[in-house]
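4 protein chains.
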Amino acid sequence: MSYNTFGKMFRFTTWGESHGPAIGCIVDGCPPNVEIKESDIQKDLNRRKPGQSKYTTQRKEDDKVQILSGVFEGKSTGTPIALIIYNKDQKSRDYETIKNKFRPGHADYTYFKKYGIRDYRGGGRQSARETASRVAAGAIAKKVLSKLLGKKFNIIGGVTQIGPVFYNPKNWSDKEIRRNPFFSPDKKVVPIYERYLLDIRKAGSSAGAMIELRAKGIPLGLGAPIYSKLDADIASALMSINAVKSVNIGAGSDVASLTGELNSDEMRIKKGKTKFKTNKAGGILGGISSGQDIVCSFAVKPTSSILNSRQTIDKKGKNTNISVRGRHDPCVGIRAVPIGEAMLACVLLDHYLMNKAQCGS
Amino acid sequence: MSYNTFGKMFRFTTWGESHGPAIGCIVDGCPPNVEIKESDIQKDLNRRKPGQSKYTTQRKEDDKVQILSGVFEGKSTGTPIALIIYNKDQKSRDYETIKNKFRPGHADYTYFKKYGIRDYRGGGRQSARETASRVAAGAIAKKVLSKLLGKKFNIIGGVTQIGPVFYNPKNWSDKEIRRNPFFSPDKKVVPIYERYLLDIRKAGSSAGAMIELRAKGIPLGLGAPIYSKLDADIASALMSINAVKSVNIGAGSDVASLTGELNSDEMRIKKGKTKFKTNKAGGILGGISSGQDIVCSFAVKPTSSILNSRQTIDKKGKNTNISVRGRHDPCVGIRAVPIGEAMLACVLLDHYLMNKAQCGS
Amino acid sequence: MSYNTFGKMFRFTTWGESHGPAIGCIVDGCPPNVEIKESDIQKDLNRRKPGQSKYTTQRKEDDKVQILSGVFEGKSTGTPIALIIYNKDQKSRDYETIKNKFRPGHADYTYFKKYGIRDYRGGGRQSARETASRVAAGAIAKKVLSKLLGKKFNIIGGVTQIGPVFYNPKNWSDKEIRRNPFFSPDKKVVPIYERYLLDIRKAGSSAGAMIELRAKGIPLGLGAPIYSKLDADIASALMSINAVKSVNIGAGSDVASLTGELNSDEMRIKKGKTKFKTNKAGGILGGISSGQDIVCSFAVKPTSSILNSRQTIDKKGKNTNISVRGRHDPCVGIRAVPIGEAMLACVLLDHYLMNKAQCGS
Amino acid sequence: MSYNTFGKMFRFTTWGESHGPAIGCIVDGCPPNVEIKESDIQKDLNRRKPGQSKYTTQRKEDDKVQILSGVFEGKSTGTPIALIIYNKDQKSRDYETIKNKFRPGHADYTYFKKYGIRDYRGGGRQSARETASRVAAGAIAKKVLSKLLGKKFNIIGGVTQIGPVFYNPKNWSDKEIRRNPFFSPDKKVVPIYERYLLDIRKAGSSAGAMIELRAKGIPLGLGAPIYSKLDADIASALMSINAVKSVNIGAGSDVASLTGELNSDEMRIKKGKTKFKTNKAGGILGGISSGQDIVCSFAVKPTSSILNSRQTIDKKGKNTNISVRGRHDPCVGIRAVPIGEAMLACVLLDHYLMNKAQCGS
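Just so you know, the protein sequences line up as chains V, D, U and H, in that order.
First residue of the first sequence: 1, per the numbering used here; consecutive thereafter.
First residue of the second sequence: 1, per the numbering used here; consecutive thereafter.
First residue of the third sequence: 1, per the numbering used here; consecutive thereafter.
First residue of the fourth sequence: 1, per the numbering used here; consecutive thereafter.
The hints are simulated quantities; they were obtained by calculation from the structure and are not laboratory data.
Take the hints with a grain of salt, since some may be wrong.
The list treats identical chains as one, so a pair stands whether inside a single copy or across any two.
What the hints assert, rightly or not - Calculated cross-link-like contacts (lysine-lysine; reagent style DSBU-like; alpha-carbon spacing at most 35 Å):
#: 1; residue 1: 99; residue 2: 187
#: 2; residue 1: 277; residue 2: 37
#: 3; residue 1: 49; residue 2: 216
#: 4; residue 1: 187; residue 2: 316
#: 5; residue 1: 315; residue 2: 49
#: 6; residue 1: 187; residue 2: 143
#: 7; residue 1: 216; residue 2: 318
#: 8; residue 1: 356; residue 2: 175
#: 9; residue 1: 152; residue 2: 270
#: 10; residue 1: 315; residue 2: 175
#: 11; residue 1: 316; residue 2: 202
#: 12; residue 1: 356; residue 2: 99
#: 13; residue 1: 202; residue 2: 75
#: 14; residue 1: 75; residue 2: 316
#: 15; residue 1: 216; residue 2: 64
#: 16; residue 1: 60; residue 2: 75
#: 17; residue 1: 152; residue 2: 175
#: 18; residue 1: 152; residue 2: 88
#: 19; residue 1: 43; residue 2: 54
#: 20; residue 1: 202; residue 2: 143
#: 21; residue 1: 75; residue 2: 315
#: 22; residue 1: 60; residue 2: 175
#: 23; residue 1: 275; residue 2: 175
#: 24; residue 1: 318; residue 2: 64
Here chain V stands alone, though its shape is the one from the complex:
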């Protein structure tokens, strides 16, 4: 079982509810002697943190992480690394709206019916607040990968679509992503996103988004066929993120429209190294990394908690309507960027360790 544990050799287990005293995770299987500081983790947490722009939720959380074990004199010891983030802004909330009514499109209904009990405060365990723990675990994975793979290793994600607005692939710029509040790699769509999101919020609605992730410097050989293929594990990792409904590897769903010639990434040897002419495969062939960049994307549905009134039912089985006020992200997809990066980092490290065991020299 892997209820609240992700990964095989590099594993993390998350715990905590949105409005409980704290959330956190245990990272297990981290190799020893890797330098890990709270500030390394904090940096990534700050990118996911709520309340950073008017396009995300106004909930204020410090998201201050503490390392409670597994690091000694600044280095990992090979023992489990426990991370804790105390919840700050969880008081005086008006839970009456969601206490007894199920938000359509939300997990309120299924959690209640499955378990017969749920911590409804702020969504409890269903809340995207859990993803802070993922980002923390991912920050450790990145530190380890950087040590193992060197400077060429990098993972970056960008928002490529918000609602009806698409970016232009030709404009992708890693640097630009860090400059705007949408993680947009395309400078030109930033003002369009701004306008669209202010409008959608004003209209009491919300927007979906598409995110693309790119990992560079990944060696050939990661991925264990048949049922631990690298792409299968990426799919599971990304689909496990709240609100994700689609995962694509490389050309993704476009492959359905392609012919064999267009889809095959032709190969050449250049200066003794294998070069691919294209990367429709997203860097994965037969479930194994090919040495190309790993490219994948995922779609995030619009926030389910919206101001506009929707038909629903309540705990007693009566028909009712619901209109959710509060400080919700108009587009949860934006803050999904660092979460996606974190999950990808964890999968890649997991497979790096697996491959080292099985096929390492």
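Take the given structure of chain V and dock chains D, U and H to it, following the hints.
Coordinates of chains D, U and H only, in the frame set by chain V:
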């Protein structure tokens, strides 16, 4: 680890190479006292079997399955069920083309580089022949689910796109799927598919496809948040199928374009039962089945082995060209339908058992 | 992998070092709607707590447990239960002795050589302090089992041997165990244990012990052959406790001396119920519980940290001697009783859930 | 779950019933490019094979193993290795005795009550025939370990006690083990074993045994604390063997009687290498191999199927007596030697790979 094993509580482990003496699988965790006959499994294998129409490979395989253990006097005993399928048509093949050259878009290159050795005959372990074992395991999963869930339970898949040709969702007919060689739920596109595939084969090329799966009669409560969410496990299951590059749940990648109102599946009580007005979520909320139909889809890339010459490299690191003759499917997506159904059945049974343990009355 | 995670369906993951800020665990897979209070857990922790008699270590720890998640309004919600115990008495210790020298019989040497780094303070992760987390997880397991199995369920452990002193099986009394500081079920050996342990401490040495565990009210059917047999999982659980070197089920190593007749537990039907005339099997046949009491035992080696000087080596590879002063248990086996009970409770609940999934009605 | 699968990174899954058409296993996670021949496996199977001396069962089985996958041109490819052994001597057996009656001390009763169905023929899945698959998997593990560790690696097991007859530890001779039908390392007890077993068979009874295993050439660092300790995994592995009721590491249960000085294995540096003066720990400290020989032992109960009449019950819940005629081993412990060796080899390889991933250079 789960190299060649799929599932948690209902598990199957596959083995075998395309041109070895046999392939097979062990199904472990099958509940006892379920009636299982070889003919139940054979029926599903026949749907996947090669050589059934001119639109699939002409390789002839009986795909005759034998049960070697775990079934006593016609019923499962709770012990592992070993299934074996002897390979028939694996002789006198001309392997010279693929022995030393890597087919672009194929796993030839990554398997060889990862393991330093590979059984190149017919693709060896990378071959889609492995999927026969999945279909066999899935047939057992369906038998168990039918016993557990009764007559309302059903899983069906259909091809909704081949190359540039899309089906019309309004025309979906379960019955039609069984009548044409494309598993098309829409009668009207059948002649278009026929023409397109004959043309693409004649042109020495191949086509991609999109497949949709629908499971009915699935109870609420399947799915174990956070990292064994039902949708995350479906994503992993489908992405592990050869040539799959995209997995969607419900509205899938379309959610990126939707607003909050359009995406929320409003709820009503009718005659004491919960009814959803739409099913954008594909029957899964927060990773837990909602009682609606489970709906998901996946994209299959065009066959990588094509007649048209492509640039590639060989084992010695020299540039070369490759043109693959032989009996390949012009569209591997077609035969992926029963495979997708099988994987979905296995995931659903796995989660049924998990939920029974954790939340069963 | 299961580095720091124990169990399959009822799982706990422990973290923390002896002299870090805190230790704790995450309990995952706990069924929902079970009443769980901190005081339930505290009660068991107090039984393991150091500093309770002059026969155990004088380290003072409150071992005050806090529940950080997974319990809402007094009941489990099915989400992970995070438990934390802050370390109190970890300051101003003289670590110089063990910082650079390896205690013979201790894990100092292997941890350092395996990981290339170790938190030597108080033994770090190797310290038996980790077992407090096990006791906490076990307390939750017992609460769940009590709800599931009713009043007839009970687990109790007793010390049956300390050094050369054996108890008399005829004198076993559950009540007596709670009355003396040795968890001795036999009142008569208590003064002998007292004398022996005071002597051994005065002599600068330490003593081994044997512990027996008995679980009553366990239904038939727990245990999943072949590699998750109930006895195999108990063996793994008990052997994982610090300093344990032997695990026995039922008659244990005595079976080597028995004949077939003496070892077979003959069966009779009495008032419609199956009765066994003896219980050499310890309640487990073919890896499956038989409905009899589960009986097992384990041997704990004498504390490795002793005052008497021993030959050893240091981090630099030089020969040296070591004499460990400090507040060590003269017989670590005594405090192993509640730990063994906890591990047995976790294994039994794990298998209860597994059996419910696979063979439940 | 790991119902019929053993291991984490080097895994094998067994299947098959005593009197079904065949038994076998899938070995998954075998590193690529290791030379593996059927004859390597056959050699070990022959050591376990029934019908080899008058002190073991007279059932005649060729135990002829076939490799069906995973080996190409004489070398492992990293894909699953499927092994099959067809059952020969399973016909014309008189099952009437055990069809409806439960043998006391046997798993007949628990299998039937747990699953509600069982293949009673020859014990079905409960039969020790399953252990042939373990020996086959172990033979592959040994081949891999020999390649990885070189000539100094060796695993050998010997019978150290049969019934009341103990060997003399001073007489242990590896060579002697291969010369007598009892796997006895002590030449002097061989005639005593002979006499004792002929007597016990004539008396219609059976005898228990103790087996010791020794592994040489095992590097420091194998074992993943806390819940995948090397000794915990050895305990699970050995306890999973049919009829085993006790597992000891190093001094085992004797540690309960020892003082701290006697139990500590003092250390010295000699010519730059760490030397231990004794090996009470059995080569494992804190769950991690120390570089010493791994030494462990296990007790096997007397065969439950005996000629002497025993009281029991039948499927209908009636009291009855049972006397089992047939070709049973008078002491199943003897043939447990190669099985124990195989399990130990699998555990060691599993941990070798795990350690390589986590702490490998």
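Against the structure, the hints come out as follows:
1. Taking CA atoms no more than 35 Å apart as the test, residue 99 paired with residue 187 passes in neither setting, with 42 Å inside one copy and 48 Å between copies.
2. In this assembly of identical chains, the alpha carbons of residue 277 and residue 37 never lie at most 35 Å apart, being 40 Å within a copy and 42 Å across copies at closest.
3. In the homo-oligomer, the alpha carbons of residue 49 and residue 216 lie at most 35 Å apart inside one protomer (25 Å), although the nearest pairing across protomers, at 40 Å, exceeds that limit.
4. In the homo-oligomer, the alpha carbons of residue 187 and residue 316 never lie at most 35 Å apart, since the shortest distance is 49 Å inside one protomer and 44 Å across protomers.
5. Within a single copy, residue 315 and residue 49 get their C-alpha atoms as close as 32 Å, which meets the 35 Å cut-off; across copies the closest is 44 Å, which misses it.
6. Proximity of residue 187 and residue 143 under a CA criterion of 35 Å is satisfied intra-copy only: 29 Å inside one chain copy versus 54 Å between copies.
7. For a Cα distance limit of 35 Å, the shortest separation of residue 216 from residue 318 across copies, 25 Å, qualifies, whereas the shortest one inside one copy, 53 Å, does not.
8. Taking the shortest Cα distances, residue 356 and residue 175 sit within 35 Å of each other inside one copy (33 Å), while across copies they are farther apart (37 Å).
9. Taking the shortest alpha-carbon separations for residue 152 and residue 270, only the intra-copy value of 19 Å comes in at or below 35 Å, while the best inter-copy value is 44 Å.
10. Neither within a single protomer nor between protomers do residue 315 and residue 175 lie at most 35 Å apart by alpha-carbon distance, with minima of 48 Å and 39 Å respectively.
11. For the identical chains of this complex, residue 316 and residue 202 are intra-copy neighbours only, at 32 Å inside a copy versus 62 Å across copies, given an alpha-carbon limit of 35 Å.
12. Taking the shortest Cα distances, residue 356 and residue 99 sit within 35 Å of each other only across copies (27 Å), while inside one copy they are farther apart (49 Å).
13. For the homomeric pair residue 202 and residue 75, neither the shortest alpha-carbon distance inside one copy (48 Å) nor that between copies (40 Å) is at most 35 Å.
14. In this assembly of identical chains, residue 75 and residue 316 lie within 35 Å of each other by CA distance solely across copies; the values are 20 Å between and 53 Å within a copy.
15. Taking the closest pair of Cα atoms, residue 216 and residue 64 come within 35 Å of each other only inside a single copy of the chain (29 Å); across copies the shortest separation is 45 Å, beyond that limit.
16. Within a single copy, residue 60 and residue 75 get their C-alpha atoms as close as 31 Å, and across copies as close as 29 Å, so both meet the 35 Å cut-off.
17. Only within a single protomer do residue 152 and residue 175 lie at most 35 Å apart by alpha-carbon distance; the minimum there is 16 Å, versus 54 Å between protomers.
18. With identical chains, the CA atoms of residue 152 and residue 88 are never at most 35 Å apart, being 38 Å at best within one copy and 44 Å at best between copies.
19. Within a single copy, residue 43 and residue 54 get their C-alpha atoms as close as 20 Å, which meets the 35 Å cut-off; across copies the closest is 49 Å, which misses it.
20. Taking identical chains as interchangeable, the C-alpha atoms of residue 202 and residue 143 are never at most 35 Å apart, the minima being 41 Å within one chain and 50 Å between chains.
21. Proximity of residue 75 to residue 315 under the C-alpha cut-off of 35 Å is restricted to the inter-copy arrangement: shortest distance 18 Å between copies versus 50 Å within a copy.
22. Proximity of residue 60 and residue 175 under a CA criterion of 35 Å is satisfied intra-copy only: 27 Å inside one chain copy versus 54 Å between copies.
23. Only within a single protomer do residue 275 and residue 175 lie at most 35 Å apart by alpha-carbon distance; the minimum there is 25 Å, versus 47 Å between protomers.
24. Taking the closest pair of Cα atoms, residue 318 and residue 64 never come within 35 Å of each other, the shortest separation being 42 Å inside a single copy and 44 Å across copies.
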